[in-house]
Amino acid sequence: DVKVTQSSRYLVKRTGEKVFLECVQDMDHENMFWYRQDPGLGLRLIYFSYDVKMKEKGDIPEGYSVSREKKERFSLILESASTNQTSMYLCASSLQNTEAFFGQGTRLTVV
Amino acid sequence: EDQVTQSPEALRLQEGESSSLNCSYTVSGLRGLFWYRQDPGKGPEFLFTLYSAGEEKEKERLKATLTKKESFLHITAPKPEDSATYLCAVQAPYKYIFGTGTRLKVLA
Numbered sequence: 001d002v003k004v005t006q007s008s009r010y011l012v013k014r015t016g017e018k019v020f021l022e023c024v025q026d027m028d029h030e031n032m033f034w035y036r037q038d039p040g041l042g043l044r045l046i047y048f049s050y051d052v053k054m055k056e057k058g059d060i061p062e063g064y065s066v067s068r069e070k071k072e073r074f075s076l077i078l079e080s081a082s083t084n085q086t087s088m089y090l091c092a093s094s095l096q097n098t099e100a101f102f103g104q105g106t107r108l109t110v111v
Numbered sequence: 001e002d003q004v005t006q007s008p009e010a011l012r013l014q015e016g017e018s019s020s021l022n023c024s025y026t027v028s029g030l031r032g033l034f035w036y037r038q039d040p041g042k043g044p045e046f047l048f049t050l051y052s053a054g055e056e057k058e059k060e061r062l063k064a065t066l067t068k069k070e071s072f073l074h075i076t077a078p079k080p081e082d083s084a085t086y087l088c089a090v091q092a093p094y095k096y097i098f099g100t101g102t103r104l105k106v107l108a
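Quick note, the sequences are listed as chains Z and F, same order.
In terms of this note's numbering, the first sequence opens at residue 1 and continues consecutively.
In terms of this note's numbering, the second sequence opens at residue 1 and continues consecutively.
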C-alpha cells in the first residue's frame, strides 16, 4: 500500500511562532506537493517539488517556505504563523503524469 | 487559464437512488483527470484516473467517464457509506488543479 505520512494530525500554535509540518512518502515518487484546504475554496497549491532540492511556488506561497533535502521528505515551514494560516494542510506525492496520493492531513490552528 | 468546475455543490440522495456528479474542465493538453473521495477531517482518497475521451473506469457502485470537456462520476444504487465529498482534478504541467468538490449525502 502506498503511504504518505504527515507528522501531526492536529497542531495548535501561537501567532508569530515558526511552524514545521513534515511529510514523508515511501513510494519513491519524484513529485511532492503541499496544499491547504479551506471551506468553499477547495485545495490550493502552496508549493511543490519535482526533485530533491528543487522547489516551485504554487498559487499561494506567501508566508510559507519549503525544504526537500531527501527524496522521501518534504517539509512546509510557516515562518511566522498568523491566524489566517489556520487551515487543513495536505501533503501529496506522485510520479509524473499519474495520480497523486495524499496524507491524512494536518489541522493547524493558530491562536 | 486551467480550471475545474464541479456541480452540484451538494447532493442529497435516498439510498438506492442513482445519480451523476459533473466535472467540467479547461486545460491546455490534458495529462490526466482524477477522481477522489474525501471523508470529513481526512485526506483525499484516490478513486480513478482517466486519460482520454471515451475512457471509463468502474469500482463497486462508482463509474467514471470522460469526454473532451467534462467527466461524470455515476453512482449506482448508493448506500449511506458512500456519503463523502467527491473531488475532481486535472493535471497541468507538474501540478494538479482541483475543483471545490460535490458533497454527497446518502440517506438510509
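Bear in mind the hints are in silico, worked out from the structure with no lab data behind them.
Treat each hint with caution, since some may be false.
Derived SDA-like pairs (lysine to any residue); straight-line CA-CA distance at most 25 Å [claimed, not checked]:
1. F:42 with Z:12
2. Z:55 with F:93
3. F:63 with F:1
4. F:105 with Z:27
5. F:42 with Z:53
6. Z:57 with F:14
7. F:42 with Z:27
8. F:69 with Z:70
9. F:63 with Z:99
10. F:42 with Z:83
11. Z:71 with F:45
12. Z:55 with Z:28
13. Z:57 with F:31
14. Z:3 with F:62
15. Z:57 with F:1
16. F:69 with F:42
17. Z:57 with F:59
18. F:95 with Z:12
19. F:95 with Z:107
20. Z:55 with F:82
21. Z:18 with Z:28
22. Z:3 with F:2
23. F:42 with Z:84
24. Z:3 with F:85
25. Z:18 with Z:98
26. Z:3 with F:93
27. Z:3 with F:94
28. F:69 with Z:111
29. F:63 with Z:83
30. Z:13 with Z:27
Here are some chain Z residues pointing at chain F (derived, C-beta under 8 Å) [unchecked claim]:
31. 60
32. 61
33. 63
Note that CB positions come from ideal geometry on N, CA and C, so glycine has one too.
For each hint, the structure was consulted:
no.	hint	in the structure
1	F:42 with Z:12	holds (18 Å)
2	Z:55 with F:93	holds (14 Å)
3	F:63 with F:1	violated (28 Å)
4	F:105 with Z:27	violated (33 Å)
5	F:42 with Z:53	violated (28 Å)
6	Z:57 with F:14	violated (43 Å)
7	F:42 with Z:27	holds (20 Å)
8	F:69 with Z:70	violated (38 Å)
9	F:63 with Z:99	holds (17 Å)
10	F:42 with Z:83	holds (22 Å)
11	Z:71 with F:45	holds (22 Å)
12	Z:55 with Z:28	holds (17 Å)
13	Z:57 with F:31	holds (21 Å)
14	Z:3 with F:62	holds (24 Å)
15	Z:57 with F:1	holds (17 Å)
16	F:69 with F:42	violated (29 Å)
17	Z:57 with F:59	violated (35 Å)
18	F:95 with Z:12	violated (29 Å)
19	F:95 with Z:107	holds (23 Å)
20	Z:55 with F:82	violated (37 Å)
21	Z:18 with Z:28	violated (29 Å)
22	Z:3 with F:2	violated (29 Å)
23	F:42 with Z:84	holds (21 Å)
24	Z:3 with F:85	holds (21 Å)
25	Z:18 with Z:98	violated (33 Å)
26	Z:3 with F:93	holds (23 Å)
27	Z:3 with F:94	holds (20 Å)
28	F:69 with Z:111	violated (43 Å)
29	F:63 with Z:83	violated (41 Å)
30	Z:13 with Z:27	violated (31 Å)
31	60	violated (12 Å)
32	61	violated (12 Å)
33	63	violated (19 Å)
The structure does not agree with the numbered hints 3, 4, 5, 6, 8, 16, 17, 18, 20, 21, 22, 25, 28, 29, 30, 31, 32 and 33 stated previously, though it agrees with the rest.
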